[in-house]
Amino acid sequence: MAKAVFQRNQKVWVDSVGAWSVVERIVPVWARGFEEPIRVTYDVGLGREFHAHELRAEQDDVDVLSDSGGPWRLLRARNKWQTPEDCPHHPFPGTYPVVVTDANDWGGWRVPGAEYDRAPSKLEMQARLIVSAPRLLALARHLAELVLEMPEDSPSEVRVLAEEAIKVDRYVREIPEPDAPVEEAKVA
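Residues in the sequence shown are numbered consecutively from 8, following our numbering.
Everything labelled a hint here was simulated from the structure, so no lab data went into it.
Glycine included, every Cβ here is placed at the ideal spot set by N, Cα and C.
Among the hints, erroneous ones may be present.
[Claimed, not checked] Now the in silico label distances, taken between C-beta atoms and shown as ranges:
hint : residue 1 : residue 2 : range
1    : Asp93     : Gly114    : 27 to 33 angstroms
2    : Trp20     : Arg117    : 23 to 29 angstroms
3    : Pro158    : Pro91     : 23 to 29 angstroms
[Unchecked claim] Subject to a maximum C-alpha distance of 16 angstroms in a straight line, what follows is the list of computed EDC-like cross-link-like pairs (lysine to aspartate or glutamate):
hint : residue 1 : residue 2
4    : Lys18     : Glu61
5    : Lys18     : Asp50
6    : Lys87     : Asp124
7    : Lys174    : Asp160
8    : Lys87     : Glu122
9    : Lys18     : Glu65
10   : Lys10     : Glu42
11   : Lys174    : Glu152
12   : Lys10     : Glu43
Produce the entire structure from the sequences given, and follow the hints as far as they go.
Here's what the structure looks like:
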(Lines of atoms letter the chains of each structure in order from A and count residues from 1; the text may use other names and numbers.)
(Lines give C-alpha, C1' and ligand atoms only; values in the text may rest on other atoms or scores of the structure.)
Protein backbone atom coordinates (compact mmCIF):
# COMPACT_ATOMS: atom_id res chain seq x y z
CA MET A 1 0.00 0.00 0.00
CA ALA A 2 1.20 3.51 -0.76
CA LYS A 3 0.59 6.73 1.05
CA ALA A 4 1.10 10.24 -0.28
CA VAL A 5 4.37 11.68 0.97
CA PHE A 6 3.89 15.18 -0.45
CA GLN A 7 0.88 17.49 -0.53
CA ARG A 8 -0.65 19.46 -3.35
CA ASN A 9 1.01 22.90 -3.78
CA GLN A 10 4.06 21.77 -1.78
CA LYS A 11 7.43 22.97 -3.06
CA VAL A 12 9.75 20.05 -3.89
CA TRP A 13 13.23 19.55 -5.33
CA VAL A 14 13.18 17.25 -8.38
CA ASP A 15 16.51 15.37 -8.24
CA SER A 16 16.56 14.09 -11.81
CA VAL A 17 15.85 17.55 -13.26
CA GLY A 18 17.81 19.54 -10.72
CA ALA A 19 15.12 22.15 -10.18
CA TRP A 20 12.49 23.24 -7.68
CA SER A 21 8.86 22.68 -8.61
CA VAL A 22 5.43 22.57 -7.00
CA VAL A 23 3.24 19.48 -6.69
CA GLU A 24 0.29 20.19 -8.98
CA ARG A 25 -1.51 16.84 -8.68
CA ILE A 26 -1.23 13.71 -6.57
CA VAL A 27 -1.88 10.69 -8.82
CA PRO A 28 -2.89 7.52 -6.93
CA VAL A 29 -2.89 4.19 -8.80
CA TRP A 30 -5.71 1.95 -7.59
CA ALA A 31 -6.12 -1.80 -7.97
CA ARG A 32 -9.28 -3.83 -7.53
CA GLY A 33 -9.58 -5.42 -4.12
CA PHE A 34 -7.35 -2.92 -2.31
CA GLU A 35 -8.67 -0.21 -0.01
CA GLU A 36 -5.64 2.04 -0.56
CA PRO A 37 -3.70 2.97 -3.69
CA ILE A 38 -0.88 0.61 -4.62
CA ARG A 39 1.32 3.45 -5.91
CA VAL A 40 1.32 7.24 -5.70
CA THR A 41 3.04 9.51 -8.21
CA TYR A 42 3.22 13.29 -8.37
CA ASP A 43 2.63 15.67 -11.28
CA VAL A 44 4.94 18.65 -10.76
CA GLY A 45 4.41 20.25 -14.16
CA LEU A 46 7.63 18.98 -15.76
CA GLY A 47 6.14 16.70 -18.40
CA ARG A 48 5.96 13.41 -16.53
CA GLU A 49 4.92 12.04 -13.16
CA PHE A 50 7.53 11.47 -10.48
CA HIS A 51 7.75 8.94 -7.64
CA ALA A 52 8.35 10.12 -4.07
CA HIS A 53 11.96 8.90 -4.09
CA GLU A 54 12.69 11.31 -6.98
CA LEU A 55 11.46 14.33 -5.02
CA ARG A 56 12.73 16.03 -1.90
CA ALA A 57 10.76 18.50 0.22
CA GLU A 58 12.17 21.73 1.50
CA GLN A 59 13.91 21.17 4.82
CA ASP A 60 11.39 20.29 7.48
CA ASP A 61 11.05 22.37 10.63
CA VAL A 62 12.39 19.39 12.56
CA ASP A 63 15.61 19.41 10.52
CA VAL A 64 16.06 23.16 10.55
CA LEU A 65 15.23 23.68 14.21
CA SER A 66 16.31 20.49 15.88
CA ASP A 67 17.14 20.11 19.56
CA SER A 68 20.84 20.03 18.71
CA GLY A 69 20.59 23.53 17.27
CA GLY A 70 20.77 22.38 13.67
CA PRO A 71 23.55 23.59 11.45
CA TRP A 72 23.32 27.19 12.70
CA ARG A 73 26.70 28.51 13.85
CA LEU A 74 28.65 31.70 14.28
CA LEU A 75 31.61 32.34 12.01
CA ARG A 76 33.93 35.33 11.77
CA ALA A 77 34.56 37.12 8.50
CA ARG A 78 37.50 39.41 7.82
CA ASN A 79 36.59 43.07 7.61
CA LYS A 80 37.84 44.23 4.20
CA TRP A 81 37.62 47.92 4.99
CA GLN A 82 39.17 48.08 8.46
CA THR A 83 42.38 46.57 9.76
CA PRO A 84 42.53 45.34 13.36
CA GLU A 85 44.50 48.50 14.21
CA ASP A 86 41.64 50.69 12.90
CA CYS A 87 39.07 49.16 15.22
CA PRO A 88 40.57 48.27 18.62
CA HIS A 89 37.18 48.98 20.26
CA HIS A 90 35.64 45.92 18.55
CA PRO A 91 35.37 42.69 20.58
CA PHE A 92 37.24 40.86 17.78
CA PRO A 93 39.21 43.55 15.89
CA GLY A 94 39.36 43.13 12.12
CA THR A 95 36.41 40.73 11.92
CA TYR A 96 32.63 40.76 12.14
CA PRO A 97 30.12 38.02 12.98
CA VAL A 98 28.39 35.95 10.30
CA VAL A 99 25.59 33.58 11.29
CA VAL A 100 25.45 30.60 8.94
CA THR A 101 22.21 28.61 8.84
CA ASP A 102 23.16 26.11 6.13
CA ALA A 103 25.46 23.10 6.24
CA ASN A 104 27.39 24.51 3.25
CA ASP A 105 28.51 27.68 5.08
CA TRP A 106 26.18 30.02 3.24
CA GLY A 107 22.82 31.57 3.93
CA GLY A 108 21.97 33.28 7.15
CA TRP A 109 22.63 36.67 8.71
CA ARG A 110 25.29 39.25 8.01
CA VAL A 111 25.69 42.87 8.96
CA PRO A 112 27.19 45.77 6.98
CA GLY A 113 30.59 46.87 8.25
CA ALA A 114 29.47 50.45 8.97
CA GLU A 115 26.58 49.23 11.09
CA TYR A 116 28.86 46.81 12.96
CA ASP A 117 31.34 49.62 13.64
CA ARG A 118 28.54 51.71 15.18
CA ALA A 119 27.52 49.10 17.81
CA PRO A 120 29.79 46.03 17.78
CA SER A 121 28.74 44.70 21.21
CA LYS A 122 25.06 44.90 20.33
CA LEU A 123 25.59 43.06 17.04
CA GLU A 124 27.77 40.40 18.68
CA MET A 125 24.90 39.76 21.11
CA GLN A 126 22.39 39.59 18.21
CA ALA A 127 24.59 37.07 16.38
CA ARG A 128 24.80 34.82 19.48
CA LEU A 129 21.02 35.14 19.96
CA ILE A 130 20.34 34.12 16.35
CA VAL A 131 22.69 31.13 16.64
CA SER A 132 20.90 30.10 19.85
CA ALA A 133 17.40 30.53 18.37
CA PRO A 134 16.90 26.87 17.34
CA ARG A 135 17.83 25.63 20.82
CA LEU A 136 15.66 28.29 22.49
CA LEU A 137 12.72 27.33 20.27
CA ALA A 138 13.26 23.66 21.16
CA LEU A 139 13.20 24.61 24.86
CA ALA A 140 9.97 26.56 24.36
CA ARG A 141 8.37 23.64 22.53
CA HIS A 142 9.46 21.22 25.24
CA LEU A 143 8.03 23.49 27.96
CA ALA A 144 4.71 23.70 26.10
CA GLU A 145 4.59 19.90 25.67
CA LEU A 146 5.24 19.33 29.38
CA VAL A 147 2.48 21.71 30.41
CA LEU A 148 0.03 20.24 27.87
CA GLU A 149 0.71 16.74 29.26
CA MET A 150 -0.04 17.77 32.86
CA PRO A 151 -1.86 21.13 32.88
CA GLU A 152 -3.38 20.62 36.33
CA ASP A 153 0.04 19.88 37.88
CA SER A 154 1.70 22.98 36.41
CA PRO A 155 1.89 26.24 38.33
CA SER A 156 -0.11 29.09 36.79
CA GLU A 157 3.08 31.04 35.96
CA VAL A 158 4.45 28.08 34.01
CA ARG A 159 1.13 27.71 32.15
CA VAL A 160 1.37 31.36 31.11
CA LEU A 161 4.93 30.75 29.88
CA ALA A 162 3.76 27.68 27.95
CA GLU A 163 0.98 29.71 26.30
CA GLU A 164 3.55 32.30 25.21
CA ALA A 165 5.81 29.51 23.93
CA ILE A 166 2.93 28.14 21.86
CA LYS A 167 2.30 31.61 20.39
CA VAL A 168 5.96 32.02 19.46
CA ASP A 169 6.08 28.52 17.95
CA ARG A 170 2.93 29.21 15.93
CA TYR A 171 4.44 32.49 14.68
CA VAL A 172 7.68 30.75 13.63
CA ARG A 173 5.89 27.90 11.83
CA GLU A 174 3.33 30.13 10.11
CA ILE A 175 4.29 30.75 6.50
CA PRO A 176 2.47 33.71 4.95
CA GLU A 177 0.54 33.23 1.72
CA PRO A 178 2.38 34.60 -1.34
CA ASP A 179 -0.33 37.18 -2.07
CA ALA A 180 -0.76 38.24 1.56
CA PRO A 181 0.27 41.83 2.33
CA VAL A 182 3.48 42.12 4.29
CA GLU A 183 2.84 43.35 7.82
CA GLU A 184 5.12 44.41 10.60
CA ALA A 185 6.34 41.27 12.38
CA LYS A 186 4.87 41.05 15.87
CA VAL A 187 4.85 38.22 18.35
CA ALA A 188 1.61 38.29 20.32
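Practice task
Sort out whether Asp124 lies within 16 angstroms of Lys87, counting only the CA atoms.
Solution key: holds (13 angstroms)
Exercise for the section: Compare the distance between the alpha carbons of Lys174 and Asp160 with 16 angstroms, and conclude whether the hinted pair is satisfied. Expected result: The given pair, whose Cα atoms are some 21 angstroms apart, is violated under the 16 angstroms limit.
Handout entry: Outcome of range test on Cβ distance (Asp93, Gly114; 27 to 33 angstroms)
Key = With Cβ atoms ~29 angstroms apart, the hint holds.
Exercise for the section: Would you mind confirming whether the straight-line C-alpha gap from Lys174 to Glu152 stays at or under 16 angstroms? Expected result: holds (13 angstroms)
Problem - Restraint check for Lys10 with Glu43, where alpha carbons must lie at most 16 angstroms apart - result: Given that 16 angstroms is the threshold and the Cα spacing comes to 8 angstroms, the pair holds.
Handout entry: Status of the given 23 to 29 angstroms range, CB of Arg117 versus CB of Trp20
Key = At roughly 25 angstroms between Cβ atoms, Arg117 and Trp20 fall inside 23 to 29 angstroms, so the hint holds.
Problem - Holds or violated: Lys87 to Glu122, with C-alpha atoms at most 16 angstroms apart - result: holds (14 angstroms)
Practice task
Verify the proposed pairing of Lys10 with Glu42, using a straight-line Cα cut of 16 angstroms.
Solution key: holds (12 angstroms)
Practice task
Just tell me: holds or violated, for the beta carbon distance of Pro158 and Pro91 against 23 to 29 angstroms?
Solution key: Cβ of Pro158 to Cβ of Pro91: about 55 angstroms, so the range 23 to 29 angstroms is violated.
Handout entry: Pairwise hint evaluation, Asp50 against Lys18, where the allowed Cα distance is 16 angstroms at most
Key = Holds: Lys18 and Asp50 sit about 12 angstroms apart, inside 16 angstroms.
Exercise for the section: For the pair we were handed, Lys18 and Glu65, check the Cα-Cα distance against 16 angstroms. Expected result: holds (7 angstroms)
Handout entry: Hint consistency between Lys18 and Glu61 [alpha-carbon to alpha-carbon, up to 16 angstroms]
Key = holds (13 angstroms)
Comparing the model with each numbered hint stated earlier shows that hints 3, 7 do not hold.
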